[in-house]
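K.L.:
Go by the hints and put chain L with the ligands onto chain G.
In order, the protein sequence lines correspond to chains G and L.
For what it's worth, our numbering labels the leading residue of the first sequence as 1, then goes sequentially.
For what it's worth, our numbering labels the leading residue of the second sequence as 1001, then goes sequentially.
Please note that the accuracy of each hint is not assured.
[What the hints assert, rightly or not] Computed footprint of chain G on chain L; a stretch qualifies when at least three of its residues, placed anywhere within it, have a C-beta under 8 angstroms from a C-beta of chain G:
#1 1016-1023
#2 1027-1041
#3 1044-1052
#4 1056-1065
#5 1118-1129
#6 1132-1143
#7 1258-1267
[What the hints assert, rightly or not] The calculated BS3-like cross-link candidates involving lysine-lysine, where the alpha carbons are at most 25 angstroms apart (straight line), are:
#8 G:Lys-93 with L:Lys-1211
#9 L:Lys-1070 with G:Lys-138
#10 L:Lys-1215 with L:Lys-1249
#11 L:Lys-1025 with L:Lys-1249
#12 G:Lys-28 with L:Lys-1191
#13 G:Lys-28 with L:Lys-1054
#14 G:Lys-132 with L:Lys-1071
#15 G:Lys-69 with L:Lys-1161
#16 L:Lys-1070 with G:Lys-132
#17 L:Lys-1135 with L:Lys-1025
#18 L:Lys-1024 with G:Lys-112
#19 L:Lys-1100 with L:Lys-1054
Hints are computed from structural coordinates only; laboratory data are not their basis.
We put the beta carbon where it would ideally sit given N, CA and C, even for glycine.
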Amino acid sequence: MSSNIERCYQCGQCTAACPMAEQEQAYKIRRFLQMEKLGLKSEEPMDIPFIFYCTTCYKCQDNCPQGVKIVDGLLSIREAAVRDGNILPAHRKIGQMLMDSGHAVPGNEEGKKRRLQLGLNEIPPTVASSEKQLNDIKILLNLSGFDQIVAEEKA
Amino acid sequence: MTELSLFLGCVAPNRYPGIEVAAKKVFSTLGVGLADLDGASCCPAPGVFRSLDKLTWLTLASRNITLSEKKSDDILTICNGCFSTLKDANDMLKEDPALKKDVNSKLAEIGHEFRGTQDVRHVVEYLYQEIGVDKVREAVTKPLNLRVAVHYGCHLIHPLKDSKLGLAGKPTFFDELVEATGAISVDYEDKMSCCGAGGGARTAILDATLKIANKKLEHMTEAGADCIVDACPFCHLQFDVGQAEINHKFAKNYNLPVLHYTQLLGLAMGFSPEELGIAMNIVDTSRFIEKVKMDTSENEVCTIV
Ligand code: SF4
Ligand code: SF4
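Bound-form chain G, shown alone (with noise of 0.2 angstroms):
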């Protein structure tokens, strides 16, 4: 799905928008598009982390004059920058805790004693309760490289 940003005129009505421009200043989707546009995103390492700030509210989409869909437009940029080994080291994790367990976030002890409490099966009836599901899992992220993705960097 080709996210159109050729479409972007560069307004800033986006930026306008953004709540998380509002509270970090580096964070600037105008900015990032523009970049896109141009093929300088591996030039500009300065722009990782800030790429990943985004919430994914769809704010600036919203506000767009030029109807550009701004976060495929995005995600495109981050996994560019992800293909290119720029991972946050909070997003590997996630990543691996989805390996590990098939949930990005999986039980903890106070979730299972909450669970109890109200009569549920301490394990939830999801991937947590079948290795077989689990390896099923494993499988397709493995046949999709997502083991490498999210795999610790070679020291």
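P.N.:
This is chain L with the ligands only, laid out in the frame that chain G set:
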């Protein structure tokens, strides 16, 4: 009887299981069956995993959909993030035969096939469109005397934008459902804005996301809300755990209990706060629970007299 697969996601079953219980109780009261979706995984989360690798995101999402295709009528999500991922993935694969073929060649390795026979639904949108506000109101036995700050959440509205239902333009559907419980949905500034947590931002840059949530909490408090009602366990976590973090980091003093819509409706249907896990939050809910218990017993006295 309609039977839907209940897609749990990660945060509800593993952090706020009261939401899982509440969904089951509310739907069984309304005569809609919810089946556990055995073996379901993370949806996977629309912002973070889609930006790490789109094909992985799509493959795992489609596996979750195939689990439901094997058993129920449609998939019901109780989380905006799961709704966004599963609905987008489902629509993409239905519309793009080449992509579907690509994903199916991966799924074949584990003996699954995406057929595209189902719709992905969100609990709030489903209640509004399939059950209807009037029927929900009829199921209320203990009307709630509460002022509620409704938080729609970005990933409830956005996936509805492409559909022809007209729900997304100037949305009132969530407010109408809240008011069907007897509560008042209060107006507040920036009501349609973000909780701050999505897209992997909460883990990448916690303080900035808390500043975003702080603004909403400020406006909700100014509007005199008794509680926040959301439709997403991740927004729920941001407002609940985040509220304690904000109080601590920014020297604030918020005390706004956070409920998922299924929990609010559960209370209005007469289930107890204990059964619905209302107290299983970081924010102290004891005063809120006392108020609900007192108000509903007064209401009952009124109807008897
Ligand atoms: S609002 Fe749209 S056209 Fe304007 S700068 Fe942003 S993406 Fe480009
Ligand atoms: S989607 Fe991202 S870039 Fe757009 S307004 Fe929201 S936080 Fe800003």
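K.L.:
Starting from the hint list further up, note which numbers the structure goes against and sort them upward.
P.N.:
5, 6, 7, 11
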